[in-house]
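Engineer: Spelled out from the first residue to the last, the chains are:
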Amino acid sequence: MNKRMTSANVVSELRDGMTIGIGGWGARRKPMALVREILRSPLRDLTLVSYGGPDVGMLCAAGKVKKLIFGFVSLDVIPLDPHFRAARQAGALEVMEIDEGMLQWGLRAAMIRLPFLPTRAGLACDVERLSPQLRTVQSPYDDGETLLAMPALRLDAALVHVDHADERGNAQILGPDPYFDDLFCGAATRRYVSCEHIVPTEQLTTLGCVHTLSINRSMVDGVVEVPFGAHPTSCTPKYGIDLEHLRVYGAASGSEKWAAYRQRHVDVSHDAYIEAVGGGARIAEIPPTIF
Amino acid sequence: MSERTSKDHTLVDLCIAAAAEAWRGDGEILATGIGLVPRLAAGLAWRTFSPDLLMTDSECMLVSEPVPVGPRDGYQPKVEGWMPFGKIFDHLWGGRRHAMTSPTQIDRLGYSNISCIGDPARPKVQLLGVRGVPGNTINHPCSFFVPGHSPRTFVARVDMASGVGYDPARWAPGVKQDFRELRLVVSNLGVLDFGGPASTMRLRSVHPGVTVAEVQEQTGFELALADPVGETPAPSAEQLEIIRLLDPRDLRASVFRT
Numbered sequence: 000m001n002k003r004m005t006s007a008n009v010v011s012e013l014r015d016g017m018t019i020g021i022g023g024w025g026a027r028r029k030p031m032a033l034v035r036e037i038l039r040s041p042l043r044d045l046t047l048v049s050y051g052g053p054d055v056g057m058l059c060a061a062g063k064v065k066k067l068i069f070g071f072v073s074l075d076v077i078p079l080d081p082h083f084r085a086a087r088q089a090g091a092l093e094v095m096e097i098d099e100g101m102l103q104w105g106l107r108a109a110m111i112r113l114p115f116l117p118t119r120a121g122l123a124c125d126v127e128r129l130s131p132q133l134r135t136v137q138s139p140y141d142d143g144e145t146l147l148a149m150p151a152l153r154l155d156a157a158l159v160h161v162d163h164a165d166e167r168g169n170a171q172i173l174g175p176d177p178y179f180d181d182l183f184c185g186a187a188t189r190r191y192v193s194c195e196h197i198v199p200t201e202q203l204t205t206l207g208c209v210h211t212l213s214i215n216r217s218m219v220d221g222v223v224e225v226p227f228g229a230h231p232t233s234c235t236p237k238y239g240i241d242l243e244h245l246r247v248y249g250a251a252s253g254s255e256k257w258a259a260y261r262q263r264h265v266d267v268s269h270d271a272y273i274e275a276v277g278g279g280a281r282i283a284e285i286p287p288t289i290f
Numbered sequence: 000m001s002e003r004t005s006k007d008h009t010l011v012d013l014c015i016a017a018a019a020e021a022w023r024g025d026g027e028i029l030a031t032g033i034g035l036v037p038r039l040a041a042g043l044a045w046r047t048f049s050p051d052l053l054m055t056d057s058e059c060m061l062v063s064e065p066v067p068v069g070p071r072d073g074y075q076p077k078v079e080g081w082m083p084f085g086k087i088f089d090h091l092w093g094g095r096r097h098a099m100t101s102p103t104q105i106d107r108l109g110y111s112n113i114s115c116i117g118d119p120a121r122p123k124v125q126l127l128g129v130r131g132v133p134g135n136t137i138n139h140p141c142s143f144f145v146p147g148h149s150p151r152t153f154v155a156r157v158d159m160a161s162g163v164g165y166d167p168a169r170w171a172p173g174v175k176q177d178f179r180e181l182r183l184v185v186s187n188l189g190v191l192d193f194g195g196p197a198s199t200m201r202l203r204s205v206h207p208g209v210t211v212a213e214v215q216e217q218t219g220f221e222l223a224l225a226d227p228v229g230e231t232p233a234p235s236a237e238q239l240e241i242i243r244l245l246d247p248r249d250l251r252a253s254v255f256r257t
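Read top to bottom, the protein sequences are chains A and B. Note that the first sequence covers residues 0 to 290 in numbering that gives the first Met the number 0. Note that the second sequence covers residues 0 to 257 in numbering that gives the first Met the number 0.
Some clues are possibly wrong.
Taking lysine-lysine and the DSS-like style, the derived pairs with C-alpha atoms no more than 25 Å apart in a straight line are [claimed, not checked]:
id	chain 1	residue 1	chain 2	residue 2
1	B	LYS123	A	LYS237
2	A	LYS63	B	LYS123
3	A	LYS63	A	LYS256
4	A	LYS65	A	LYS237
No lab work stands behind these hints: they were computed from the structure.
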């Protein structure tokens with residue numbers, strides 16, 4: 000069994016109008032190499048589900064996002080992503096804006112093949128009011144409580160970035176927080192995992208304890224080896240958030256500056272991108288972010 | 000807005016001590032302070048009158064003592080537990096937390112806004128998004144710190160209600176209000192709560208040198224007043240010492256810098 004793919008293979012399997020879930024959180028462990036590959040493709044009219052960071056910002060800057068399902072878009076060390084803000088302020092996006100925990104609930108519902116999961120989050124505030132497609136249910140028991148029915152967030156594809164994977168798709172996350180990458184894979188029809196290195200299966204448990212094996216191979220369709228594939232987001236402990244590059248990315252607002260950023264940092268091979276941002280040795284020296 | 004300093008403390012020190020009071024009486028629950036002043040306030044409460052609190056390193060480790068803010072300078076967090084995002088909503092929605100945030104807008108009935116200014120369909124200014132505020136405000140105590148008290152921050156009605164509040168019209172039949180508790184609002188002018196008639200925002204104390212009239216002038220709606228409106232106490236020497244240990248590089252000096 001060999002699920003090795005290239006980034007280009009992955010993107011060739013995606014279609015206009017797809018609902019794509021992107022793992023990671025803010026500026027942490029985002030599959031940015033795969034996102035840049037989408038930017039190099041003609042894909043359009045995408046619905047994104049993400050705990051957003053520069054993945055969302057970059058796809059907005061490239062005009063590829065029709066709809067966003069989100070709880071926030073933030074670069075963590077820089078609170079706001081300028082490209083996402085510009086798209087929102089231009090009225091260029093449809094959105095479903097929900098609590099971070101509601102997003103988790105929607106992915107979990109999809110993973111366990113339920114139509115919804117009940118929650119109190121989102122009731123009695125503008126989450127409910129602004130997304131009238133969200134419905135409530137009443138508890139069938141004596142309490143009769145009115146709850147919000149968070150609908151299942153079924154994804155056509157999920158993209159995540161991890162530390163290591165074997166060829167069969169068993170994936171390892173060494174950082175302190177696995178975020179919701181397993182739920183993104185669980186909620187999707189096609190599941191693509193990029194990683195720093197593809198390793199033999201038996202090496203996984205020497206590289207980390209069994210609790211680091213967050214995603215099993217039955218949840219994965221394709222594995223892509225992309226060293227530094229999360230840059231400029233972090234892949235702790237290997238490298239931290241590249242604040243310097245996030246500033247360059249953030250400053251590239253407006254069509255002229257964005258075109259210049261694209262030319263140097265998007266419309267190039269991954270190897271050329273790594274060179275353009277200072278090389279792997281520089282990235283590996285970026286210390287873990289202190290929050 | 001100028002700092003009102005005395006020889007031993009500044010306005011921000013006074014606000015940190017005032018904000019710490021939010022966690023008074025809280026037992027073994029997670030104290031979350033988002034932003035510098037709330038984080039220092041949570042740490043101060045933990046080190047003094049609420050010794051059973053839990054805090055994180057602002058990422059996913061639970062720690063046994065507050066982590067000083069700024070560069071670590073060799074400090075190693077004293078890790079005692081793990082709270083990744085995958086576990087946090089179980090914890091928060093179970094009510095075992097009190098969070099203080101800094102909303103861009105807050106209104107008379109406690110609705111707070113961290114999401115956007117203007118029409119949410121096409122915002123004039125896009126901010127973060129609702130983040131965890133909807134789930135927080137309906138499930139566990141929440142407090143607020145607003146560094147710039149003005150009619151643009153204390154508004155009659157927020158542009159986007161990121162969280163829940165006290166407007167009965169917004170609570171449909173059967174929706175549980177039991178866990179909603181908006182406890183304290185601390186600003187650069189005073190300390191407020193929602194103890195006014197019908198749970199409207201009420202002024203509890205003014206900071207030294209501030210008048211009730213000034214606070215009302217800087218608020219975009221009519222404030223209820225506690226009887227009497229007190230003066231926010233100055234931080235004690237013990238509190239100041241703890242604040243200095245938690246913020247050894249004096250990052251807090253920039254909070255009210257104009």
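Engineer: So which of those numbered hints doesn't the model satisfy?
Structural biologist: 1, 4
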